[in-house]
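As numbered in my numbering, the sequence shown has no gaps in its residue numbers, which increase by one up to the final residue, 366.
Do not rely on the hints blindly, as some may be mistaken.
[Unchecked claim] The following label-pair restraints were derived from C-beta to C-beta distances:
# : residue 1 : residue 2 : range
1 : Gly-343   : Thr-110   : 17 to 27 Å
2 : Ala-287   : Thr-215   : 50 to 60 Å
3 : Arg-278   : Ser-172   : 19 to 29 Å
4 : Arg-175   : Ala-288   : 55 to 65 Å
5 : Asp-203   : Ala-64    : 34 to 44 Å
6 : Ala-287   : Val-70    : 33 to 43 Å
7 : Ser-172   : Ala-64    : 29 to 39 Å
8 : Pro-15    : Pro-347   : 30 to 40 Å
9 : Arg-19    : Arg-278   : 35 to 45 Å
Hints in this document: simulated from the structure, not taken from any laboratory.
Ideal Cβ placement from N, Cα and C applies to all residues, glycine included.
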Amino acid sequence: MSDGPVPVDASPTRPLRLRDLSEEDLLARIVPVYAAACGREGDVLLGPGDDAAVVAAPSGSVVATTDTMVLGHDWRDDWSSPQDVGDKLVTQNVADVAAMGARPTGLLVTLAAHQDLEVAWVEGFAHGIARAAAAYDVAVVGGDLSGAPEGVVMVTVTALGDLEGREPVRRSGARPGDLLAVHGSLGESGAGWWLYEHGYRPDHAGPWSGDGEPTPQRRRAGAMDHLMWVHRTPVTHPGSGALAARAGATAMIDLSDGLVRDAGRIARASGVRIDLDREALQRDFVAALPVSVLPEQVAWQQVLTGGEEHSLVATFPAGSSLLRDQDDPDGRWWVIGRVLPRGEEEPAVTLDGAAVSGQGWDHFGG
1 MSDGPVPVDA SPTRPLRLRD LSEEDLLARI VPVYAAACGR EGDVLLGPGD
51 DAAVVAAPSG SVVATTDTMV LGHDWRDDWS SPQDVGDKLV TQNVADVAAM
101 GARPTGLLVT LAAHQDLEVA WVEGFAHGIA RAAAAYDVAV VGGDLSGAPE
151 GVVMVTVTAL GDLEGREPVR RSGARPGDLL AVHGSLGESG AGWWLYEHGY
201 RPDHAGPWSG DGEPTPQRRR AGAMDHLMWV HRTPVTHPGS GALAARAGAT
251 AMIDLSDGLV RDAGRIARAS GVRIDLDREA LQRDFVAALP VSVLPEQVAW
301 QQVLTGGEEH SLVATFPAGS SLLRDQDDPD GRWWVIGRVL PRGEEEPAVT
351 LDGAAVSGQG WDHFGG
């Protein structure tokens with residue numbers, strides 16, 4: 001490995017770009033960043049440096065998932081910093097592992113980019129990956145670098161996990177009589193996306209630090225900032241997936257494409273109908289989205305169909321102790337519906353028995 005990059009045409013007015021570095025030079029800049037996210041002791045038996053890493057699988061099985069993000073399709077540079085992109089990419093993969101009832105143990109990171117991409121963007125992306133990995137207590141164990149055509153930036157994370165002796169929680173286990181519950185938020189990421197789409201931008205004024213109560217305008221700006229932050233860097237709680245599995249969750253899914261679409265995936269896989277509870281959704285989620293920021297109709301739309309939330313949605317037997325224990329906010333599962341038998345002509349998901357308009361995000365259908 002070289003002692004460091006030697007730019008061929010760097011100057012105070014010209015940022016360093018990938019074309020100025022060798023692959024080894026770039027790795028020398030980002031591998032130490034990833035090394036800071038070392039994960040839980042014992043998960044990684046052999047880290048980066050060889051052709052492949054070795055990750056422990058004490059349960060005898062490995063949970064594996066992968067997600068890809070593409071510039072211009074999954075993020076916009078005028079909305080998201082490179083750190084935001086890395087953070088979100090880790091979160092959506094960790095949430096998929098958690099949705100199986102597993103604990104994340106290792107991450108593989110791939111970057112394919114055009115040669116004029118600024119090196120500072122790659123370094124920022126690596127810091128976002130490392131920041132999120134450390135927060136979720138999972139190690140970065142390797143990955144890949146590749147060139148790409150002009151204008152293309154594509155990033156991928158493959159996440160590995162361990163079931164710790166539990167059976168995986170699949171989408172196909174929901175049964176009539178179960179209750180549907182969510183761990184995390186609903187509609188906040190979608191509301192942030194809606195604000196961006198309608199031309200709003202973060203205030204960047206920071207938390208209120210003046211005397212007395214903030215003005216209504218300052219409270220509104222703070223609420224908008226929060227929703228846009230959630231869209232850029234959603235948060236998941238991987239421990240909640242294992243907790244749900246231990247508590248007898250019958251089916252579970254990561255909420256990535258909207259409540260109606262993802263609950264529908266459980267319903268179709270299980271051969272049941274999921275009936276969402278309008279009163280519970282209004283009380284616990286729609287009402288929490290500030291009316292000073294977006295209309296109630298938009299709030300409802302985002303709670304039902306807004307994507308990239310990365311909360312967990314699961315079904316439980318009606319008597320599950322996890323649904324009765326509402327004292328721990330970090331472990332709380334909010335009951336939002338029930339599982340019913342599905343008639344031949346009935347939709348997979350209903351709201352108080354009626355069909356729901358809007359289906360959520362689809363990568364190819366929009």
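The hints, checked one at a time:
At about 45 Å, the beta-carbon gap between Gly-343 and Thr-110 misses the expected band of 17 to 27 Å. For Ala-287 and Thr-215, the hinted distance range of 50 to 60 Å is not satisfied, since their beta carbons lie about 23 Å from each other. Separation of Arg-278 from Ser-172 is about 26 Å and conforms to the stated range, judged on CB atoms against 19 to 29 Å. Between Arg-175 and Ala-288 the beta carbon distance is about 30 Å. The supplied range of 55 to 65 Å is therefore violated.
A C-beta distance of roughly 40 Å is found between Asp-203 and Ala-64, which places it inside the suggested range of 34 to 44 Å. Between Ala-287 and Val-70 the beta carbon distance is about 35 Å. The supplied range of 33 to 43 Å therefore holds. Under the hint 29 to 39 Å, the C-beta atoms of Ser-172 and Ala-64, about 19 Å apart, miss the expected range. For the pair Pro-15 and Pro-347, the supplied restraint of 30 to 40 Å is violated, since their beta-carbon distance comes to about 52 Å.
Taking 35 to 45 Å as the suggested C-beta distance range, the pair Arg-19 and Arg-278 does not conform, at roughly 55 Å.
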